[in-house]
Amino acid sequence: MSLAIIIADRDPSDIHQQLARCIPDIDCQIWPNITQPERVEFAVAWQAPIGLWHQYLRLKVIQSFGAGVENLITDGSIGDNVAISRVVDQDLAQEMASYVLSSVLMLKCRFIEFYQQQQQQKWSGLPRHSGNKVTILGLGQLGAAVAKCLMINGFDVTGWSRTEKSQTFCRHFSGVQQLPQALADCDYLINLLPSTPETEKLVNQALLSQLKPSACFVNAGRGATVDEQALYQALLNKQLSFAVLDVFTQEPLPEQNPLWQLKNVVVTPHIAAVTNPKTVIEQIVENYQRFKKQQPLLNRVERERGY
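What the sequence shown shows, in my numbering, is residues 1 to 307, in sequence order.
Rather than coming from a laboratory, the hints here were simulated on the basis of the structure. A portion of the hints provided could be inaccurate.
Computed cross-link-like contacts, DSBU-like style, restricted to lysine-lysine with a CA-CA straight-line distance of at most 35 Å [said to hold, decoys possible]:
id : residue 1 : residue 2
1  : K292      : K238
2  : K60       : K108
3  : K278      : K238
4  : K60       : K263
5  : K293      : K133
6  : K293      : K263
7  : K201      : K278
8  : K165      : K293
9  : K293      : K201
10 : K133      : K292
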């Protein structure tokens, strides 16, 4: 049996070395130089090319190198009998909370406009962005941490999720029918939804039209959950005040994408919450050992739910 490292967006040499230190007898093959795919039963993957998996006939487990698994779930070359696991990093929640709080405070204090005035050497006071109501789309681990952080800092938080959550720390709505109630009169809309068939382009023209023109939008969830053309039009036509965007349908964001040109948009390069490499290696090693002992995997993905 061998373990395959299939990581397309970086040099996996360091990952290989760390795994070899933790599991001295491990037999690793590194993509694209895998010569014996028939021996691979466990794979570590990130941004693997679609359709790659047909050749791995004995594959039993794919361990994502990060929290995202949407490209694995939608890849038809992965058999239904293959277990998919993702990384859960407790530090991600704190990083996400810091990113969202920083974004909301930047918008509230109008730092974007003050920076633009600075470029013109213009000294002119502006009132702070009025309103304190925040709606968070997605109340999983990250959404809950963000909600609690914002509440501690004096914001009035409402949460929304596709399914009912057993939580009591903030006002909560669930299901598409209750979405308008969650959006009512919100000043800051925070999108932390995972990418699933049900959430694809959930943030669309119909949803954005329910927001007041003074509302601001922060997207730190997944790019596929937003209709970017509808978002662009809403920002261009001042139907939405400002947006801070960390994730996009295509990454890196293409140079010709019109979102780059909008003065009421801040773009960050998918850095809202970055997985700790040490945590990733620890979870890969743990799941590899669990697999060999035929024990339940950590953080196994429910494909029908998308996470």
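These are the hints, each one checked on the structure:
1. For a cut-off of 35 Å, the pair hint linking K292 to K238 is broken: about 56 Å separates their Cα positions.
2. Taking the CA atoms of K60 and K108, the gap is about 49 Å. The hint is violated against a cut of 35 Å.
3. Simply put, K278 and K238 have alpha-carbon atoms about 43 Å apart, too far for the 35 Å limit, and the pair is violated.
4. Restraint check: the Cα-Cα separation between K60 and K263 comes to about 48 Å, which exceeds 35 Å; the hinted pair is violated.
5. Under the criterion of a C-alpha separation no larger than 35 Å, the hint pairing K293 with K133 is inconsistent with the structure, at around 49 Å.
6. As the CA atoms of K293 and K263 are separated by approximately 55 Å, the hinted pair breaks the 35 Å bound.
7. A hinted pair counts as satisfied when its Cα atoms are at most 35 Å apart, and K201 with K278 qualifies at roughly 33 Å.
8. Of the pairs offered as hints, the one joining K165 and K293 holds, with about 34 Å between alpha carbons and a cut-off of 35 Å not exceeded.
9. Distance hint between K293 and K201 is unfulfilled; the C-alpha atoms sit about 41 Å from each other, more than 35 Å.
10. Taken as a hint, the K133 and K292 pair is broken in the structure, with Cα atoms around 49 Å apart against an allowance of 35 Å.
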